[in-house]
Amino acid sequence: MTLYQSEIIRIRELCYSNTHQLQTVIGTKNYIDQHFEKELNLDMLSHIRYTSKFHLLRLFKRYYGLSPKQYLTDRRIEKSKHYLRSGMSVTESCFAVGFESPASFSTLFRRKTGMAPGEFQKRATFAK
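First residue of the sequence shown: 1447, per the numbering used here; consecutive thereafter.
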């Protein structure tokens, strides 16, 4: 059982939520996990799950503590770390995970990890 699954079960027991809400939130998270490199937005995610974007936003935040956009950004940063460790250039990893600009990627990466992508890559290479 994954951390997310156990957390959903715990939250279900606390909130007594209905199954449809859980399926919507889990389905949205799974879709983000499988398509993080594509352009995703709240309108599209809500359309895929046949729900209001505002309702989806509230549900996602209630169950995961993050908005879908925040979760997507975190997912992209984690995947970019993997690419950087494997030797992919900063620019290549930026575009591979779905960011449109190396500058915005570097800014977000630094904000989330505390270091620039190039610095992260050098440290990861040095640690091998």
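Rather than coming from a laboratory, the hints here were simulated on the basis of the structure. One thing to keep in mind: the hints can contain errors.
As the list claims (entries may be wrong) - Lysine-lysine pairs mimicking DSS-like chemistry, simulated, CA-CA at most 30 Å apart:
| no. | residue 1 | residue 2 |
| --- | --- | --- |
| 1 | Lys1484 | Lys1499 |
| 2 | Lys1499 | Lys1568 |
| 3 | Lys1525 | Lys1507 |
| 4 | Lys1484 | Lys1515 |
| 5 | Lys1558 | Lys1568 |
| 6 | Lys1558 | Lys1525 |
| 7 | Lys1525 | Lys1568 |
| 8 | Lys1525 | Lys1499 |
| 9 | Lys1515 | Lys1558 |
| 10 | Lys1527 | Lys1558 |
| 11 | Lys1507 | Lys1484 |
| 12 | Lys1515 | Lys1499 |
| 13 | Lys1499 | Lys1558 |
| 14 | Lys1484 | Lys1568 |
| 15 | Lys1568 | Lys1507 |
| 16 | Lys1515 | Lys1525 |
| 17 | Lys1568 | Lys1527 |
| 18 | Lys1527 | Lys1484 |
What the hints assert, rightly or not - Derived DEER-like restraints, expressed as beta-carbon distance ranges:
| no. | residue 1 | residue 2 | range |
| --- | --- | --- | --- |
| 19 | Leu1449 | Lys1499 | 34 to 44 Å |
| 20 | His1481 | Thr1553 | 19 to 29 Å |
| 21 | Leu1488 | Thr1465 | 36 to 46 Å |
| 22 | Glu1453 | Ser1535 | 33 to 43 Å |
| 23 | Gln1469 | Thr1537 | 35 to 45 Å |
| 24 | Ser1535 | Asn1476 | 44 to 54 Å |
| 25 | Gln1480 | Phe1541 | 13 to 23 Å |
| 26 | Asp1489 | Gly1533 | 28 to 38 Å |
| 27 | Ile1455 | Thr1537 | 37 to 47 Å |
Small disclaimer: the values here were computed from a predicted structure and weren't measured. We put the CB at the ideal spot given by N, CA and C, even for glycine.
Here's how the hints hold up against the structure:
1. Lys1484 / Lys1499: Distance ~19 Å between Lys1484 and Lys1499 Cα, so the pair holds.
2. Lys1499 / Lys1568: Measuring from Cα to Cα gives roughly 40 Å; hence the hint is violated.
3. Lys1525 / Lys1507: Cα-Cα ~22 Å, so holds.
4. Lys1484 / Lys1515: Answer holds: Lys1484 to Lys1515 is near 13 Å, not above 30 Å.
5. Lys1558 / Lys1568: Since the Cα atoms of Lys1558 and Lys1568 sit roughly 17 Å apart, the hinted pair holds (cutoff 30 Å).
6. Lys1558 / Lys1525: holds, 13 Å
7. Lys1525 / Lys1568: Given pair Lys1525, Lys1568 holds - Cα atoms ~17 Å apart, limit 30 Å.
8. Lys1525 / Lys1499: holds, 26 Å
9. Lys1515 / Lys1558: holds, 14 Å
10. Lys1527 / Lys1558: holds, 11 Å
11. Lys1507 / Lys1484: Holds - the C-alpha atoms of Lys1484 and Lys1507 are around 21 Å apart, at most 30 Å.
12. Lys1515 / Lys1499: holds, 12 Å
13. Lys1499 / Lys1558: Answer holds: Lys1499 to Lys1558 is near 26 Å, not above 30 Å.
14. Lys1484 / Lys1568: holds, 27 Å
15. Lys1568 / Lys1507: With a Cα-Cα distance of about 35 Å, the restraint between Lys1568 and Lys1507 is violated, given a limit of 30 Å.
16. Lys1515 / Lys1525: At roughly 15 Å apart (the allowed maximum being 30 Å), Lys1525 and Lys1515 satisfy the hint.
17. Lys1568 / Lys1527: holds, 12 Å
18. Lys1527 / Lys1484: holds, 18 Å
19. Leu1449 / Lys1499: 34 to 44 Å: Since the Cβ atoms of Leu1449 and Lys1499 sit about 26 Å apart, the hinted range of 34 to 44 Å is violated.
20. His1481 / Thr1553: 19 to 29 Å: holds, 23 Å
21. Leu1488 / Thr1465: 36 to 46 Å: violated, 23 Å
22. Glu1453 / Ser1535: 33 to 43 Å: holds, 35 Å
23. Gln1469 / Thr1537: 35 to 45 Å: Since the Cβ atoms of Gln1469 and Thr1537 sit about 38 Å apart, the hinted range of 35 to 45 Å holds.
24. Ser1535 / Asn1476: 44 to 54 Å: violated, 29 Å
25. Gln1480 / Phe1541: 13 to 23 Å: holds, 18 Å
26. Asp1489 / Gly1533: 28 to 38 Å: holds, 36 Å
27. Ile1455 / Thr1537: 37 to 47 Å: holds, 41 Å
The structure shown violates the earlier hints numbered 2, 15, 19, 21 and 24.
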